[in-house]
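Asker: With the hints as extra help, turn the sequences into a complete structure.
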Amino acid sequence: MSALDRKLRRDVCRLWVQITAISLVMACGVATIILALGAYRSLSETRSAFYDRYRFATAFAGLNRAPLSLREPILQIPGVRSVELRIVKPFIIDIEGMSEPGTGIAVSIPDTQPAVNRLYLRSGRWPDSGRAGEVAVLESFALAHGLQPGDRFSVLLNGKRQTLTLTAIVLSPEYVYAIGPGDMVPDPRRFAVIFMPRSAMAAVHDMEGAFNDIALRLQPGVLLNDVSMALDAILKPYGGTGTIDRSQQTSHAFLDNELMQLRAMAAVVPPIFLLLSAFLVNMVLTRLIALEREQIGLMKAVGYGSIAIGWHFTKLTLVIAVLGILIGFLFGNVLGRGMTRLYASFYSFPFLVFSDSMDLYAVAGAFSVSAALAGSVRAIVGVLRLTPAVAMLPPQPVGYRSFLGRGVTRHISQLNLMAIRHLLRWPLRAAMTAFGTSLAVGLLITALFTYDSVAFMIDTVFFRTERQDATVMLSEAAGPGALSSLRRLPGVMRAEPYRSTLVVLRRDHRARRLSITSIAVNADLFRPLDKKMNVTIIPPVGLLISERVAALLELKSGDMVEVELLDFGGRRVSVSVSAVIESYVGLAVFMSPEALDRLIGDGPRISGARLALDVAQLPQFYHAVKATPGIGAIALQRVSHAHFRETIENNIFIMTSVYVALAVIITFGVVYNTARIHLSERARELASLRVLGFSRSEASGVLLTEIIVLIAIAQPVGWLLGTGFAWSVVRGFESDLFRIPFVIERATYAKSSLIVVTVAAISALIVRRRVDRLDLVRVLKTRE
Amino acid sequence: MIEPLCRAAQGGAASSSPSGSREGGAAQPILRAERLTKIYRSGDVDVAALRAVDFSFCRGEIVVLLGPSGSGKSTFLNLVGGLDRASSGKAWFGNLDLTACSERKLTRFRRDHVGFVFQFYNLIPSLTASENVALVTDIAKDPMDPAEALARVGLNERLDHFPAQLSGGEQQRVAIARAIAKRPEIMLCDEPTGALDSRTGIVVLEALIRVNAELGTTIAIITHNAAIRQIADRVVTFRDGRIAEEATNTQRLPPHAVSW
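Top line first, the protein sequences correspond to chains A and B. Read left to right, the first sequence gives residues 1 to 784 (this note's numbering). Read left to right, the second sequence gives residues 1001 to 1260 (this note's numbering).
Honestly, the hints are just simulated from the structure, not real lab data. Ideal placement from N, C-alpha and C gives every residue a C-beta, glycine not left out. Honestly, I wouldn't trust all of these hints.
Stated by the list, open to error - Facing chain B, according to a computed beta carbon distance under 10 Å, are these residues of chain A, among others:
hint: 1; residue: 10
hint: 2; residue: 14
hint: 3; residue: 118
hint: 4; residue: 419
hint: 5; residue: 420
hint: 6; residue: 555
hint: 7; residue: 556
hint: 8; residue: 557
hint: 9; residue: 685
hint: 10; residue: 777
Answerer: Here's what the structure looks like:
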């Protein structure tokens, strides 16, 4: 081993805490690259492979009922590659061990794999249309209930109790993210998708020779618009509600949303860590080179070339980078696998493995080495330029400027003046330290605000807006008489009817497909809130639209909007917007029942009702629902709320833990290194103070004052950054499916600052111990 | 053993000393050491830097400590200045047993009674000359005004200059001003002229002599420069951790009369 390499080894041993602190910050960058890109790739590649292999539809259309003979005309439409004409109907689950009724979707399947949306057979065999009641069941539901091929369970199909036999556990590209009505996160226990031979489905629903749903695949390169006009024209006489593409398909849209966030994470988070580690490398290396100036001069004097010495310090940089990369690889892999496991609990894929291919590590490694070298380049160029004669001379004393006039400095103690002038002498370094610390505060706010946001959302959605215990959806819209039947169900204390109809809301070239739902003027269970969170009075005419719809269609109160009634032959009417309201779920548009009935023009009808229930009679209510024909689906808000809370809290806890760890590492890395560098630069001054009769705490107070000033500056900056990050998270989550409210409690700012200040204090106190142990004599007798 | 030394110094210097504080010959030892020993442990080897040294500094005298590197003179000054702890033996400042003091009491001792001057000045680069002095006057019991302290070393025109804007001699004079501003009983100077050329060194020594004359401060100066011995009342030569020789000058020379 050469002498320089031995020196390198000893430098590494001597500086191991600082090197580790920098490497950890760098490791966060590496880990987040692997985590975000790896998870993105895993999800995106798995989805693509699943979609391709199992022929996920590129377009969907719903209708009332049409003859199967339409297959040929549809296939004739230029650009259509394959089509599946299906019967899709909701049903009620009545399964042993679950008192509350679940909701499901039954999808018809041919005798062999369908042409579109093929099923992945996890276990069992394809249902035999010749045997009554055989079905394939989506894996998530089967797992939630421990169902195996051969097991039997009962459902209420079209109001008729059916006992079904599970022959296959399957996965479908159409239901990767399977979420039931009224739920905000998937609840596989209460939501099922079953695949039933067409003949059996047709028999139950009286749909022989007919279908009510289309899934089709287009030829590559064909745009949906080219096909949808022709398809819509064919389906219009049969109650076609318009063709939609994948972006409006729930499962696909949720996945897209997740992928978008991962991409954003990969683009934003790793560069922050790499920038910080470049700064830390620069700070530490510059100081090390300053301290070793004479040695460098000596080495050059005895014949070492500039390149050899420059390479020596480059190797130290590479040690930091390699350590950071290795730690980052390890944690990135662990976190990536954890994230993938978390995904696997939400998204049903035949397989979902963490995609950690070599190129990912190569990319992460290359970025990190580049960041470290970028941080070191200035210091190393300084080494190259240093001539031996100059290097052997003592460095020029550090020049300071007064900045503040005597009138001001008179009122500041000399010790504080030392701290302030030292900070102002290296403003960029001070700014970067404050910025690094503020990033930690910002990251914590970004993590912790989700608690506030979700708490606010739960309060708004479940306690202030949707105050019902259950929402019953009828299989088909019915006359007002249906409400009486619902009111007679045991345990129902209050029932408020609603009507819901599928429309396209259109203004100029902007359009959105959504449902208009009616709310009675005196409704108490469901109360839309305005932007100030006050209960909105339902106007006798006009629409109440959510902020999201208003933004998408650029609508405001008083504007006119075209409503295309998809359930009623696509009739178009113009309606005014009465008010814009707050809503976090879906694209919410409401209207008074009378106004909606007038709009549709077929008299008073209801689609279902919101119910307030007597908790004591829930078992009887559940039992009755399972036995009531005409109920197509049921959402249980209380159960949904509990499930949502449990799931989301678990997720937030995981996310918060990761973010807290990242924030702790940043704070430690930045504050510890800054304090060490300040100590190194000022050891002589601090020793002088001790000699002059200042106590240990007074001497170290100078160092701590600098750190305190930087940490204090970092707090408001961190709050601003955190608010900005939180805002971008809110915007990032915003989709047609849901929004999260932008709420940050004061306690969140306080908690974030408290965590960072605590870690900073510990880091600074570790360095303070070194001040206490300063060898006064040695420091003072050494030439700087 | 200590008292006669003190008297000897007293008697010898009194006639020629410009300081009025020692008139009458009744000077008391201000700082005394008894069998003061310092052993450094280096790996498994014990290195004796100071071996059972007895010595007293008398009030108002100037003592020059000579000796080769490693002879123990700096170790001795560090121990009696409360910068380091003795391995054995005793050191008193008046009635204060320095060897029994806690860290806190030693800090207090340095703050109130001792002024230090080092070879490399050890000024605070972020404070101006007057602020460097104010650093001490802010915490001293009966300090002089920083401007007065700087005037005593001839730097009244350089109050607002930062150390980087001062020459080496000026920096050392700021260090002296900082040391005297608290009106210390004793000043311990470890090679105060070591980093300076002879002309500047003379200016610095004159500043020290003036302090001794005007304030009656006891001054101990470590130096490698044997010529400087001529400005002292007493000269102590260290060798191998012991006092090898001790001499009293019958007449002190002013620094400008000393040549090196």
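Asker: If a hint holds in the structure, say so; if it doesn't, say that too.
Answerer: Evaluation of the provided hints:
Because the beta carbon of residue 10(A) sits about 17 Å from the nearest beta carbon in chain B, more than 10 Å, this interface hint is broken. The beta carbon of residue 14(A) is not positioned within 10 Å of any beta carbon in chain B (closest approach about 18 Å), and the interface hint is therefore violated. Because the closest C-beta pair between residue 118(A) and chain B is about 74 Å apart, greater than 10 Å, the hint is violated. Look at residue 419(A): its Cβ gets to within about 9 Å of chain B, closer than 10 Å, so that hint holds up.
For residue 420(A), the interface hint holds, since its Cβ comes within 10 Å of a Cβ in chain B; the closest pair sits about 8 Å apart. Annotation: interface hint on residue 555(A) violated; nearest CB of chain B at approximately 62 Å, more than 10 Å. Of the supplied interface hints, the one on residue 556(A) is violated, with its beta-carbon coming no nearer than about 59 Å to a beta-carbon of chain B, more than 10 Å. Because the smallest distance between the Cβ of residue 557(A) and any Cβ of chain B comes to about 62 Å, over 10 Å, the interface hint for this residue is violated.
Taken as an interface hint, residue 685(A) checks out: its beta carbon lies about 5 Å from the nearest beta carbon of chain B, inside 10 Å. A distance limit of 10 Å between C-beta atoms decides the matter here; for residue 777(A) the minimum to chain B is near 5 Å, and the interface restraint holds.
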